[in-house]
Structure formats: structure tokens, C-alpha cells
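Asks: Each chain, written out:
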Amino acid sequence: MSSKYLIFLGCAIPYRVASYEISARKVLAKLGVELVEMPEFNCCGLPLDPVSHETMLILAARNLALAEQTGLNILTLCPGCAGTLKKVNKILKEDKALREQINGHLKESGLEFKGTVETKHIVQVLTEDVGLEKIKEAVVNPLTMLKVAEHVGCHLLRPRDIIGFDEPEDPQTLKKLIEATGATCLDYVDETECCGAPSVGVSDKVALQLARDKFNHVKAVEAQALITICPFCHIMFDTNELRIERMFSETYGIPVLHYPQLLGLAMGMTPEELAFNELRVDTSKMLQVLKGVN
Amino acid sequence: MTETSTSRKPIKASEIDPKFKYELSRMPGGEKLLRCFQCGTCTSDCPVARFSDAYRPRRIIRMAQLGLKERVLNSETLWLCAACFTCTDRCPQGVEVASVIRVLRNLAAEKGIVPQVFKDQAACILDSGYAYKIPELRIKKRVTLGLPPLPTSNPESICKALKGVKFIETTGKEGEKSEQ
Numbered sequence: 180m181s182s183k184y185l186i187f188l189g190c191a192i193p194y195r196v197a198s199y200e201i202s203a204r205k206v207l208a209k210l211g212v213e214l215v216e217m218p219e220f221n222c223c224g225l226p227l228d229p230v231s232h233e234t235m236l237i238l239a240a241r242n243l244a245l246a247e248q249t250g251l252n253i254l255t256l257c258p259g260c261a262g263t264l265k266k267v268n269k270i271l272k273e274d275k276a277l278r279e280q281i282n283g284h285l286k287e288s289g290l291e292f293k294g295t296v297e298t299k300h301i302v303q304v305l306t307e308d309v310g311l312e313k314i315k316e317a318v319v320n321p322l323t324m325l326k327v328a329e330h331v332g333c334h335l336l337r338p339r340d341i342i343g344f345d346e347p348e349d350p351q352t353l354k355k356l357i358e359a360t361g362a363t364c365l366d367y368v369d370e371t372e373c374c375g376a377p378s379v380g381v382s383d384k385v386a387l388q389l390a391r392d393k394f395n396h397v398k399a400v401e402a403q404a405l406i407t408i409c410p411f412c413h414i415m416f417d418t419n420e421l422r423i424e425r426m427f428s429e430t431y432g433i434p435v436l437h438y439p440q441l442l443g444l445a446m447g448m449t450p451e452e453l454a455f456n457e458l459r460v461d462t463s464k465m466l467q468v469l470k471g472v473n
Numbered sequence: 106m107t108e109t110s111t112s113r114k115p116i117k118a119s120e121i122d123p124k125f126k127y128e129l130s131r132m133p134g135g136e137k138l139l140r141c142f143q144c145g146t147c148t149s150d151c152p153v154a155r156f157s158d159a160y161r162p163r164r165i166i167r168m169a170q171l172g173l174k175e176r177v178l179n180s181e182t183l184w185l186c187a188a189c190f191t192c193t194d195r196c197p198q199g200v201e202v203a204s205v206i207r208v209l210r211n212l213a214a215e216k217g218i219v220p221q222v223f224k225d226q227a228a229c230i231l232d233s234g235y236a237y238k239i240p241e242l243r244i245k246k247r248v249t250l251g252l253p254p255l256p257t258s259n260p261e262s263i264c265k266a267l268k269g270v271k272f273i274e275t276t277g278k279e280g281e282k283s284e285q
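Chains as they are written, first to last, in our numbering: chain A, 180 to 473; chain B, 106 to 285.
It cannot be assumed that every hint is accurate.
Now the stretches of chain B that chain A is said to cover, found in silico as 3 or more residues with beta-carbon under 8 Å [as the list claims (entries may be wrong)]:
id	stretch
1	150–156
2	187–197
3	200–212
4	223–234
5	238–247
6	257–265
7	268–274
It is worth saying that the hints were derived from the structure and are not from the lab.
The C-beta atom is built at its ideal place from N, Cα and C for all residues, glycine as well.
Next comes chain A alone, as it looks inside the complex (with noise of 0.2 Å):
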């Protein structure tokens, strides 16, 4: 297996979420997994998907077509981005007609989608190309004291058909990425129920009501942390917890970790290399049921 990938930003980690790409990266590269910058990219599409289905292939065939000049798989941490590209090279590769349709649009650019670059989220790659036991031999600090929820968010998953990762009705991957670390994943309500973001900007009322129901299923089980690996769901959940908490009267208090933070805490490193001040929901507490171990 290939452990050298293109990786892929995207836009909303570089535009918001540096506490994502920082963790990821340091966790990646303490596990063998070397990163190449893509030389040019721009938008995946999935934002334009619901205006202009063409605009977002165009988009997306675009990123293929640069990182096909390099040779090398991509790496998303955005599942967004990752379902998006998946996609796109999916229906591009099947479909001629609309194959050369599309590359009519990436001629003038001299660029041309050929379909031979694949593209994973971050979880694969930790899943298929590093391994859980690889994961569990680099955990030096287990995080034996923390109980967490997992929220994997709909894109990694959805469709099942276009997809074909974990099982999208009881995803198990993340799951037992989380229970590598020594934590314990605790079961909830409605785990793989959507996060609210998409519809931030249309309606923000159904918005805010999708992420505070979230947290009363993550509360009711006393998780310590909700642990996320989209930027979009990150977002949702730690920039707007407080908000929520004022909106509805709720006491939730539950900081929210990228995955990518959460393993590096158990291979050993502190809150500060991985961007812990990022964060906007306090993890002071977090952090002390894990001192009380170590």
C-alpha cells in the first residue's frame, strides 16, 4: 500500500479549522504517512452541487485533473471533499459522453480528467494503509480514563452506493480508530443523524435544533468528548455549543476533538503541538479526568 498521498485541503480547513489540518499532519507523519502539497487546487464543488450539478463536476473533474499530473492518490480531510472527488471520478470514468463533456471545459486550460488517481478520507488511510495495530503500537499514553461519542457525519458514509465504506446504518470504523487510542466510544441515539451544518445559511433554526439534539444523546450517555473528522461538523458542533447551550437553557460542556487530536494525545503529544487553543469549547476539564491517569 501506497503511503504517500496528494492531500487535499479543500476550504473550509484553510479558511477555519487550522486545529484539524495541524493535528492531522503531525499524527500522520509520526505514523509514516508522507504528505505532498497539491500544486494548484480550487474548490471541490460539493457547495454548487445543489445549484448547478455541472458546475460541481466541472470543479471537481478539475482537482482530479491536476493531481492526476502528479501520480499520486489523494488524501481528504474533509469527507465533503472526499465523497465529492470519489464520486466524480466514479461517473466520469463509467460515462464517456459526459466524460468528454466535461474535459471540452478543461481543454482550454490544458488540463484533462483521465480517471486514475483515487482518493481516500483520512479515516481510510488510518484504517486500510496504516493499520489499527500499527495505530496501537504507536500509543504511548492510553486514554483508558475517557469515555467519548463519535460523530462520523453523513459524507463518509452517504450514499452506501456511491460510498462503499463501513456500513452506513452502524459504522464501526471510526469506532474502533477511537477505541485504538485506549478510550472507551460509547454507544448513543441516532449516532450517524446529520449535524445541521448543510443547512446553516438557509435555515439556521433546523440547524441549530439538528446539533442540539446531538448534544442531548451525547449528554445522556456522560460522553467527555465528541470526537468529529469533518471541518464542517467540527464547526457546527464546537463554534456553536455555547450558542446552543444559551439558545435552548442547555448545559452541555462537551469539547469537541478532531480525531487526528484525540490520537495524538495517546501517541504522546500535548494539547499544545496539537492545537488544543484552537478549540473554542473548553477542554480543561477533558484534559484532567487524563491527568488523573498518567
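The hints should help you fit chain B onto chain A, whose structure is shown.
Replies: For chain B alone, coordinates are given in the frame of chain A:
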């Protein structure tokens, strides 16, 4: 766009476009529209429907099948779908509900019926290549955070690639490139 536009007002024969469902069936994502037998799995499993009084995917599909073209395309509830694809995965008829809704949104957007947030993102992509206007300060801050420089984008080449796309030629240029 009004939320009441999907409410149960009487249907007049004059507002029915009998060919609409076939038009949708020929578009990528809309192929399986006619398979829907209105079981309601989509609505009962929809997380958005739980918190919205108006958003009902089953109703949107029925309106499309009936040919209530103007009513469905002008409905603001169309934009509430979070694209979580739960309906698509669970539909016993394999309708790909979320994709049918996307096809309807695409048609609405071509007529200029589209929430501002999408216009802004389109404008941003045409201007910078990214879906958000990433502040210069944040790009510079990457160095102090120990991150490699942000790869460049090529807006000129992107604009060339998107030339001739209907949405981009019309609505896509109306957005604001302001920092959100």
C-alpha cells in the same frame, strides 16, 4: 419563495405540466422519480423534517410527479434538504430522493430562484477558487502555525472552465464576495 407555496391549496389543472416528470426522469439523478409510490420512508427518516414544519421530501416528490412545476420550483422548502442522503439510502424503491431534490434545485437555480448563500459561494469560487474568501491574515498565519503555504488556485482558469454553464452565466455572478 414562500413556505406556504407547498401547503395544501387546491390543484388547478391549468398549473399542471404533464411532461415535467419525464423531463426530470431524463436528468442525471432524476431517473428513478417515477418509481416512488409515496410510502413516506424519506419523510419519516428525514432529520430536517423533524425540526421543520414545512419540509417534507415525500411531498416534494409527489409535487414533481404531479407536474406542479412552478409550485415546486418556487418552494423555499426545496432548499432545506441537508443532503445527508438518509432518504436515498433507505428508499425501498431506490428513488435517490436527495438527487431528485438536487435536480429540482438546479432547475430553480437556473431561473434565479436560489438562496443568497449559494450565490455568494459561486461568486467566491469564480473570484478566488475557494468556496470562502480566506482572509490574507489567515493565509499568512499558516507560517506561524507551522503549516506549509496554502496551494494557489487559478481563478482565471476556473472561469474559463465554467464558461457556458447556465447557472454560472446567469445567477452565479450575482453573489457578494464579502468575507462571511
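Asks: Look at each hint and say if it fits the structure.
Replies: Do the hints match the structure? See the list:
| no. | hint | verdict |
| --- | --- | --- |
| 1 | 150–156 | holds (count 4) |
| 2 | 187–197 | holds (count 7) |
| 3 | 200–212 | holds (count 6) |
| 4 | 223–234 | holds (count 5) |
| 5 | 238–247 | holds (count 5) |
| 6 | 257–265 | holds (count 6) |
| 7 | 268–274 | holds (count 6) |
In summary, the structure agrees with every hint in the numbered list given earlier.
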